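Asker: Here is what each chain is made of, one letter per residue.
There are 6 protein chains.
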Amino acid sequence: MFYHNKKLQYFTPPEKPDPVYAKKMQELIGGTFGEMTVMMQYLFQGWNCRGPAKYRDMLLDIGTEEIGHVEMLATMIAHLLDKAPIKYQEDGAKDPVVGAVMGGSNPRDVITAAMNPQHAIVSGGGAMPADSVGFPWNGRFIVASGNLLADFRSNLHAESQGLMQAVRLYEMTDDPGVKDHLSFMIARDTMHQNQWLAAIEDLKSEGFEETVVPRVAYEYGKNEFAYQFWNHSEGEESAQGRWAKGPSMDGKGEFQYVANPQPLGPEPQPPQPDPKLHATPQTPQQQDNGADAPPAVRVERIG
Amino acid sequence: MFYHNKKLQYFTPPEKPDPVYAKKMQELIGGTFGEMTVMMQYLFQGWNCRGPAKYRDMLLDIGTEEIGHVEMLATMIAHLLDKAPIKYQEDGAKDPVVGAVMGGSNPRDVITAAMNPQHAIVSGGGAMPADSVGFPWNGRFIVASGNLLADFRSNLHAESQGLMQAVRLYEMTDDPGVKDHLSFMIARDTMHQNQWLAAIEDLKSEGFEETVVPRVAYEYGKNEFAYQFWNHSEGEESAQGRWAKGPSMDGKGEFQYVANPQPLGPEPQPPQPDPKLHATPQTPQQQDNGADAPPAVRVERIG
Amino acid sequence: MFYHNKKLQYFTPPEKPDPVYAKKMQELIGGTFGEMTVMMQYLFQGWNCRGPAKYRDMLLDIGTEEIGHVEMLATMIAHLLDKAPIKYQEDGAKDPVVGAVMGGSNPRDVITAAMNPQHAIVSGGGAMPADSVGFPWNGRFIVASGNLLADFRSNLHAESQGLMQAVRLYEMTDDPGVKDHLSFMIARDTMHQNQWLAAIEDLKSEGFEETVVPRVAYEYGKNEFAYQFWNHSEGEESAQGRWAKGPSMDGKGEFQYVANPQPLGPEPQPPQPDPKLHATPQTPQQQDNGADAPPAVRVERIG
Amino acid sequence: MFYHNKKLQYFTPPEKPDPVYAKKMQELIGGTFGEMTVMMQYLFQGWNCRGPAKYRDMLLDIGTEEIGHVEMLATMIAHLLDKAPIKYQEDGAKDPVVGAVMGGSNPRDVITAAMNPQHAIVSGGGAMPADSVGFPWNGRFIVASGNLLADFRSNLHAESQGLMQAVRLYEMTDDPGVKDHLSFMIARDTMHQNQWLAAIEDLKSEGFEETVVPRVAYEYGKNEFAYQFWNHSEGEESAQGRWAKGPSMDGKGEFQYVANPQPLGPEPQPPQPDPKLHATPQTPQQQDNGADAPPAVRVERIG
Amino acid sequence: MFYHNKKLQYFTPPEKPDPVYAKKMQELIGGTFGEMTVMMQYLFQGWNCRGPAKYRDMLLDIGTEEIGHVEMLATMIAHLLDKAPIKYQEDGAKDPVVGAVMGGSNPRDVITAAMNPQHAIVSGGGAMPADSVGFPWNGRFIVASGNLLADFRSNLHAESQGLMQAVRLYEMTDDPGVKDHLSFMIARDTMHQNQWLAAIEDLKSEGFEETVVPRVAYEYGKNEFAYQFWNHSEGEESAQGRWAKGPSMDGKGEFQYVANPQPLGPEPQPPQPDPKLHATPQTPQQQDNGADAPPAVRVERIG
Amino acid sequence: MFYHNKKLQYFTPPEKPDPVYAKKMQELIGGTFGEMTVMMQYLFQGWNCRGPAKYRDMLLDIGTEEIGHVEMLATMIAHLLDKAPIKYQEDGAKDPVVGAVMGGSNPRDVITAAMNPQHAIVSGGGAMPADSVGFPWNGRFIVASGNLLADFRSNLHAESQGLMQAVRLYEMTDDPGVKDHLSFMIARDTMHQNQWLAAIEDLKSEGFEETVVPRVAYEYGKNEFAYQFWNHSEGEESAQGRWAKGPSMDGKGEFQYVANPQPLGPEPQPPQPDPKLHATPQTPQQQDNGADAPPAVRVERIG
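Residue numbers (UniProt numbering), protein chains in the order written: chain F, 1 to 303; chain V, 1 to 303; chain Z, 1 to 303; chain G, 1 to 303; chain A, 1 to 303; chain E, 1 to 303.
Treat the hints with care, as some may be off.
Remember, identical chains collapse to one label, so a pair may be satisfied in a single copy or spanning two.
[Claimed, not checked] Straight-line Cα separation of at most 16 Å, EDC-like style, residue types lysine to aspartate or glutamate; simulated pairs:
no., residue 1, residue 2
1, K245, E201
2, K6, E267
3, K222, E206
4, K252, E219
5, K7, E234
6, K252, E210
7, K7, E237
8, K6, E237
FYI, nobody ran anything at the bench for these hints, they're computed from the structure.
Quantities reported herein were computed from a predicted structural model and do not represent experimental measurements.
Using the sequences and the hints, build the whole thing.
Answerer: Next up, the structure:
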């Protein structure tokens, strides 16, 4: 069960509105690696967690923090959209196609043309659960597999991409308010990268996981192929990396470089199609005799 | 530019068809962490790579290998769908709602009811670029950010989730052919987890990256918040983890546990709405006087 | 900013697992009218709210409550998925296509075939942000327009559809735990329908809105068409409804029934295509002379 | 079965083209609350309607009218896209990145940069079934539940959001043709809001429904929670609304304000994971002993 | 503008309900090649048509016919869903996981488990705008490019895939009502394949188009590569087809078989990344000096 | 199994960067008819092919070629995005809303506002698997039905739309590098249209298919309706086309023009709803007596 405090975790208003930047900042709310993703990913991982209490509690701590990050960004976007110019200027509007050919265009009209139209038409000046091109956030953006090592690696990856994007957006503005606001979020994401690296170490030190997840892979896999790098691309620059030689990262093998990988399987021989499906068979004679044959015959062919 | 060899990288046909398992196995082709994801993710990362040749070459090696993994699985699914029972048995079909109330249902009819209907209606017995519930693979499943550390972490996460799913599917069948086939793929994914861990080490040893990505985060962030764990959830079990105390993973700070986190920001004061947007304002008097006001006035209010 | 309490708002565990029902219950989490929708809809409406404090506060109250409803349902689904049969029984599995033709199918195998495969392969026995056919929740499911009357009507509609679905799911099980759990949620949704009706009344009593939203519609619209019902479908049964006669609901007009509606506009004459676009024009002579004409000419044609 | 009349229900051509406005106007065709939504929603509600003939007839009347509204808007968009500037001007195009640094940009080039590129590349100057950011209309935008009260509330909500958006677009242009055209549509939407309010009254007067839908909710729900407002958010401004005190809207209870809501449920105890799923359990010892255990054992554990 | 006639174009009710078949039949309503696709595709092509009146009229004729096809199928699905068993039988329901181990499963319960749950929970026994796995129809399924030859080829393809799917569904049932109903639709699709072939001939005979569309391709393309088949796959079976030798289909060239295709381009040299984007560069020294450099410098580097 | 050659099939770098054109060119990578579509469509058709070896080999040849086309375009987009202006110019940035009212806007700022923001924020200057409005490529864009005639028609349609789009983009730029690059792709698409026409002829000459696909349609369809054109739209211009008179294209019938088509079916009578679904019935008395009735009764009503 959840509670809300009216104050924001952190906030600095922008010095002035910037509707085009508001469009771009939506990436941090509803993009693949936006705050809705980490919020939902951590909450679902917490709710689905069967492991020790410290992991579940930690996941719900950070998931709950992230709800507040969506809130902070939604507030920022409302400020950036303030007084967005939703209509061409009087004079410019007279001829939007050719405009005043002898003069330049009005910068205000550039914004009218380039802002996310849904920020005016749909949300009335508010944030939306969508990314910087208006594509909606969706549930396939998150993962909660039940296995904490796999999931903490997902979390580390999400925080790495997310911090990268926050930094890029930081570079894309000169507004001191926006920059101050983002610098708080950048610090929290710095913590979160540290946090997931620590959590991965914690899992291992508690004896839950080793390098490769899940551990049972060694039992099921053909281990003779588990340390080979296959060179599918012309040229052998890839032989120079750590992945091509030396002990494997799990300490259980030695990396090998396979310079000329060869197929180990046969040419595919997919079975001939059921006549009822009218797919093209080997020969025309096999085709379109699909009018209801007695199913007994077909069952016989299976055995 | 690419070339194709008709033989498969590896293949063992199933001992017998199993259309319901074919539905489930689609997860490994078109699911969030299926082979289409890693294939496209590595190819786009390779094509977008501006770093040293060994990374670009390696990305295109593994991306090209993964095209062949989609091929292997597509072939397997064609075999599993062989002779799929697309229609109820003669007798059972007489009354599909109540069936033979005194007897049990026909197992063949269970398959008819539960298989992915598109495997018959749409693909005519072939694999599809979709997951185990028929949701199509899409481009938001991949990431290629240009930053190799962020991307290699994404790759490690994708291979971790993907291997987990392959292992789960391995457990969900007794067919020796399918199990043999999957055991090859499990070994390759074991390699790939090792590979991305090695690649991360390689990047660092070459001087490209440190622990937190991107490095400039320290320059932009409010570092006083970069090592605090905020306890947003009742209870302090989360204080027991590695993330709550001791030196931070990047070696630049000390983890702190904030047991009672307090908001640092104010209550939000989003600006009053533009009358033209007909959003609800503070008081009724502000509303619906939106009939075209001269834009000059509005510009004045901005300055 | 948000806080989490470890206890659930309400909970009764199911008497026994039921993985197929778990698949169906996902509709209440991630369906169009599931709890993720109302949670996100109310939170975004609250964050975007510029109206009096009581509305903003109320929206954030209920939005925060709904986060806990997702939590309750996620917990329920984890219980329903307990010991889900992810593999055919030993004997049944021997021949999944034809099975034991002389005997019936194993009910456990029906579940293996019909449950949502991602509940095993992807989430490892946990809830997912998706609906009952596995389609992911997405941001286009919610609306936050800034206008509170329009939005409260959206909320009333969402709670009406949502309560209908909860009631249908209540009817679809005999498990006393699930029924008890749902009966709490049914009561809360009963409140929420009452709440939005009350909020609509409140808005009007405060002077914010009238019947038709936004009020300015009367100023902009051709009001001669604002009270006519057009009978586009053969037969005049539709003349018998309240919408076809009597004073209009906004008290500003009288409903009229137009039995034989006629077009008021001309036949469309869309302009001839730009030759550069190679769309088919009126005559073949106009076609494919699109090789780069001087743009000056085109501009001239615009003026 | 349907018939088409070549004339449009209403139409006024734009005074001049405006490709950026064409992009924005797509919201009214293919947006969440565009004409495709109401067209499909009313048609499906009509086709699925089992209630009295007057409702079915009325739904098909309005659904059929709405097909013509899509037609009107598609025609308008074709006019707005006439002579869209698909290429930078000769001089401006010489250096699209820096342009003439000493001069301003060409307004025509702003349009070239900001219009929906698919209006040129994909549709050749025609309307598309997508919204103002190019996101395609989809079937999850509509609802047809079979229950007419729930559905008429959905219709009222769709017409409220839709009219709001039409009014916003009306404000976003000065073109007299577009304004005249929209003013017809605004009048029809005014009718449609009235119509659904009337239809709701009609349903109740015929004895089909009461305030809360479905009526059986009272029978199934824990009614002691059916009139409580829970204050999940700090501060009690929400106590001042109609929803917090006085008789409930359904006349069956009294609103109560719960200022400090407390959880009624326990801490979640989701069951330990199946070892075959390799989710993280309570202790490391429980992990990865998942190699095929005899299913009989697992069945025993279920009983 | 459109009108509706209450009678159906054609209809035969099913002999008995079949909820699982209803799920499958949804493919014909909302699948990629379902009736919603052809309806919307023809209507948008008609609305966007600038060519001679006979084409526009014909497109709107068939588009209007297809609205009625959606109506016919929606009615059929309502019948097939009649009395769908939405709950396990009393006895079977007692233990849905293991069931009566000694007996077989109830066929009615198979249907309860395998039907589309949204047919009960969401639509209340009615059709939905979705396909056979519940994925919603969307606007990217259609094409209306403005060029009639390109579009008539799209129409031929859609009718070919659609008729194939109707025939497959015809084979998947024994219900005489459904078969009779489908046999009408199969005949109409037979007409429609003929119709688009005729329309393609008509376009050419009127002088609008030739073999390759758009005609201007010859003017813009490097014609030396316009008749070569490149053998990218090991083995030369592909040399045996009509596409590998003889005059080209457009009569303007001779097919050539390139047995060992070689790259004509260089190795890619994508430009080094902007430091502000923090992508990985050639050498570590280039990295993370991204703190705001004066833009003048960057502009200089462009020139 | 696949191999990669580092060189590109063809490539000419652009004369200068153009980030807005890069946004538009994404249509050729990830749009409905982009190279990802043909690549995946041909590969899946090849993998699913059960027909003679020459077809399978040919499909894999061209599918493999198309992977290289995605590669070429990804490289082009990286060049076009070089030095993309991700931030407003120093001075312009001072007041992004009103700008220098007396002067024109900076062309560089137009690009900053109008480019795809994800090209900076998400991909760091690289191509993405998405179209020109940022919508992701998805698996529903392709078709592989198993029937080669149906699929070759799909391929012809995809190449026709794709070539049209490439030609439109060719017209939308003056950059000689981009034009040269596209002219190679235009030639390959010219080949591919020829190729699929040849493949269709080849299939027929081998005896696999005739005009209408699948052939069995004549056996199942009501052939009396298989050659009629129904005039659903007012006016009879559509009588003037080849589709309205003369022998049908399959040589098996004579086209007929039905000027006044009449319904052949009855008014729909969808069955009354199950009370458990709470859909609105014919009369209020039938409603909401849905509390658990014994299922035996319902089963009886089915028989």
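Asker: Does each hint hold? Answer for all of them.
Answerer: Verification of the supplied hints:
Taking CA atoms no more than 16 Å apart as the test, K245 paired with E201 passes between copies only; the shortest distance there is 13 Å, against 25 Å inside one copy. Only between protomers do K6 and E267 lie at most 16 Å apart by alpha-carbon distance; the minimum there is 6 Å, versus 65 Å within a single protomer. For the homomeric pair K222 and E206, neither the shortest alpha-carbon distance inside one copy (28 Å) nor that between copies (32 Å) is at most 16 Å. With identical chains, the CA atoms of K252 and E219 are at most 16 Å apart within one copy only, with a shortest distance of 13 Å there and 39 Å across copies.
In this assembly of identical chains, K7 and E234 lie within 16 Å of each other by CA distance solely across copies; the values are 9 Å between and 58 Å within a copy. Proximity of K252 to E210 under the C-alpha cut-off of 16 Å is restricted to the intra-copy arrangement: shortest distance 11 Å within a copy versus 26 Å between copies. In this assembly of identical chains, the alpha carbons of K7 and E237 lie at most 16 Å apart only when taken from different copies (15 Å versus 54 Å within one copy). For a Cα distance limit of 16 Å, the shortest separation of K6 from E237 across copies, 11 Å, qualifies, whereas the shortest one inside one copy, 56 Å, does not.
The structure fails hint 3 only (numbered hints given earlier).
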